[in-house]
Every structure is written in C-alpha cells, then in structure tokens.
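K.L.:
The primary structure of each chain is shown beneath.
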Amino acid sequence: MISVRIIQQTPDDMMFILSGTTAAFANTLRRIILSNVPQLAIEDVIIVENNSPFTDEFLAHRLGLIPLRSDSDFLVLPDECECGGVGCSLCSVTLTLSVETADEGMIVYTRDLESQDPMTVPVHQEIPIVQLGPQQKIILEAVAFLGIGKDHVKFQPVATVGYQFMPSITLDSNKCSDCKECQNACPRNVLEVENKQLSTRNILNCNLCQLCVDACEDDAITVSGSEDSIIFRVESTGGIDTERIVLKAAEILKEQALEFEGLLKELPLEK
Amino acid sequence: MTQYRCQRCKETVLPTDMKIVPGIKCPKCGNRILFKERPPVVRKVKAR
Numbered sequence: 013m014i015s016v017r018i019i020q021q022t023p024d025d026m027m028f029i030l031s032g033t034t035a036a037f038a039n040t041l042r043r044i045i046l047s048n049v050p051q052l053a054i055e056d057v058i059i060v061e062n063n064s065p066f067t068d069e070f071l072a073h074r075l076g077l078i079p080l081r082s083d084s085d086f087l088v089l090p091d092e093c094e095c096g097g098v099g100c101s102l103c104s105v106t107l108t109l110s111v112e113t114a115d116e117g118m119i120v121y122t123r124d125l126e127s128q129d130p131m132t133v134p135v136h137q138e139i140p141i142v143q144l145g146p147q148q149k150i151i152l153e154a155v156a157f158l159g160i161g162k163d164h165v166k167f168q169p170v171a172t173v174g175y176q177f178m179p180s181i182t183l184d185s186n187k188c189s190d191c192k193e194c195q196n197a198c199p200r201n202v203l204e205v206e207n208k209q210l211s212t213r214n215i216l217n218c219n220l221c222q223l224c225v226d227a228c229e230d231d232a233i234t235v236s237g238s239e240d241s242i243i244f245r246v247e248s249t250g251g252i253d254t255e256r257i258v259l260k261a262a263e264i265l266k267e268q269a270l271e272f273e274g275l276l277k278e279l280p281l282e283k
Numbered sequence: 753m754t755q756y757r758c759q760r761c762k763e764t765v766l767p768t769d770m771k772i773v774p775g776i777k778c779p780k781c782g783n784r785i786l787f788k789e790r791p792p793v794v795r796k797v798k799a800r
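Residue numbers (my numbering), protein chains in the order written: chain A, 13 to 283; chain B, 753 to 800.
Think of the hints as simulated: they come from the structure by calculation, not from any bench.
Virtual Cβ for every residue (Gly too), placed ideally from N, Cα, C.
There is no bait here: all hints are sound.
Partial list, derived from the structure: chain A residues whose beta carbon lies under 7 Å from chain B:
{"hint": "1", "residue": "58"}
{"hint": "2", "residue": "59"}
{"hint": "3", "residue": "68"}
Turn these sequences into a full structure, and let the hints steer you where they fit.
P.N.:
This is how it looks when you write it as structure tokens:
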C-alpha cells in the first residue's frame, strides 16, 4: 500500500515522502511530470511589425519560453479540440504586444503583454523580452496553446523534480571514540554526536554523500538509503500549483496503465 | 515589391530605380549602401 506524507507544500514547492513503493514508481511519476503534464506556453507568434534589434525568430523564441499562469482546466489540448488544433477559444489564449518608442529607448517586459483572458498572464511581470532603441516598434500577437514537455521544454510544468532514498544513519557506540570527525565532515550539518550517541538535526537534508563514513576512522558510522521510503521534491515554474501537478501526473499514469492493460488484452497470447 | 532605403539620403529606392545606374547604387546620391526595408506583410513564426 502506497502512502504519501506531505512534509512541505506551497504553490511553488512541494516535498513529500512516498512509502511502501519502489524507486521505479517514483521514477515513473517523475518522468510523467516532466513529459506528460500539460502546461500553457506561447506557440505561434504573428508579427505585424518589428524593427527592433531582434529578429522575428529570436523574439518568438523568447516569448515561447515565458512561463504563463493558467487555470488549464478550462483549456483542452489542441489535438483533442473540436477545431482540430487551429486555435479557438477552447484550446488557445491570445496575448498581444504593442510597444513603440519615441526619442528614448525602453526595455519591453512581460507586463507589457496584454492577455485576452485575465486569468492567463505571465507568472513573472519583470522578465525582459527586448530592449528597444529610439523610434522602434513592435506589434505582435502571440497565441498560447497547451502542450506537453515531451514535445517542447517550454511546456514542462516544473523547474525541477527529483527523488532520493530516505537516509538511514546508524552509529555503533561500541566502536565510536567520540572524536566528532563525522559531525565536522558533514556539509549539511545533519549529524550531532554527544557521548557516543548519535542524533540527527534534519535527516531529510542528508544527501547520502558518505563523507561522514569516510571521515570516521573507527568504522562506527553507516549511512544507507532505505529503498521503500522515497523523498520526492517538486518545484513548479509557477504556471500550475505543485499539488495539481502531482495529482494530474497520477491521473495520467492511471490512464496510461489502463490503456496498456486494454492493449495487452487485445494481444493474441498463447495459452 | 522589395524596397530599399539609402543609408545616406534616406531615400526609398525601388529595384527598377537601380537599373538607371550601373551597379548597386542610390540613383539620387550615388551612395552604395542600401538597407532592405521590411516588407509590409504579417509573418507567422513558431515560438520554438
């Protein structure tokens, strides 16, 4: 039975402990988060005017990488849309950028993008897009679609996602000479040794680097990762809340498993 | 049609105007540096 214990949770950051499962499951979840959870990003840019120092392609590329905040429950993937992926109100959101400089140049920021949908806005308002000189002008329309990380990295909902085994540190008090070398060697200040007794400050900070084991001349300390308990960390780009990312990944995993089961049943297997 | 602009006199130069003088030159001032103007068409670019 898999159990999940949430250690830390904010819309941008989440850490939980997965127990009663294997690294294979945690890795499946990680890979689905990276490549299958849909996220909104600018895909098509219609450029009406651009005499900035940036070429159209460069500008479009920069726009594509801007993380967009969106309640993607209302949007569908272009492939699944009735319009066939051309771009309608069900599968796309349009943002416009119209800036012109007079005698002085300016920096164009993400806050200058005007969204057709007030819910779909750039996560950060202060990302510079381009610096304009005097008498320069940009008029463009950017169309954002939902997509998956497998197709392009801009559709990836997370900045980082990873897991590690739960550290298990033991100290043999019969061998320990109370030299405290292990305590000093730990780069994350996890260990505390008092009278040959070990206590840990925050075991979740241990990254199993084994520096304490190397530092101990008495071979009294052992550090290992417990394989049935996994620390899972998710850091969102800000487009979707971390909780939704994990739940969506679990949903996708279930759908894929059911699809796989259905395909297996169709196979003419020998009895 | 493609349009050019002279670097020195800022005059708009059409390809037909350039046939008046031999070589690539501004027919008004004779300057040999011309900039190609952005054509007035809407471009659709993939953000990739």
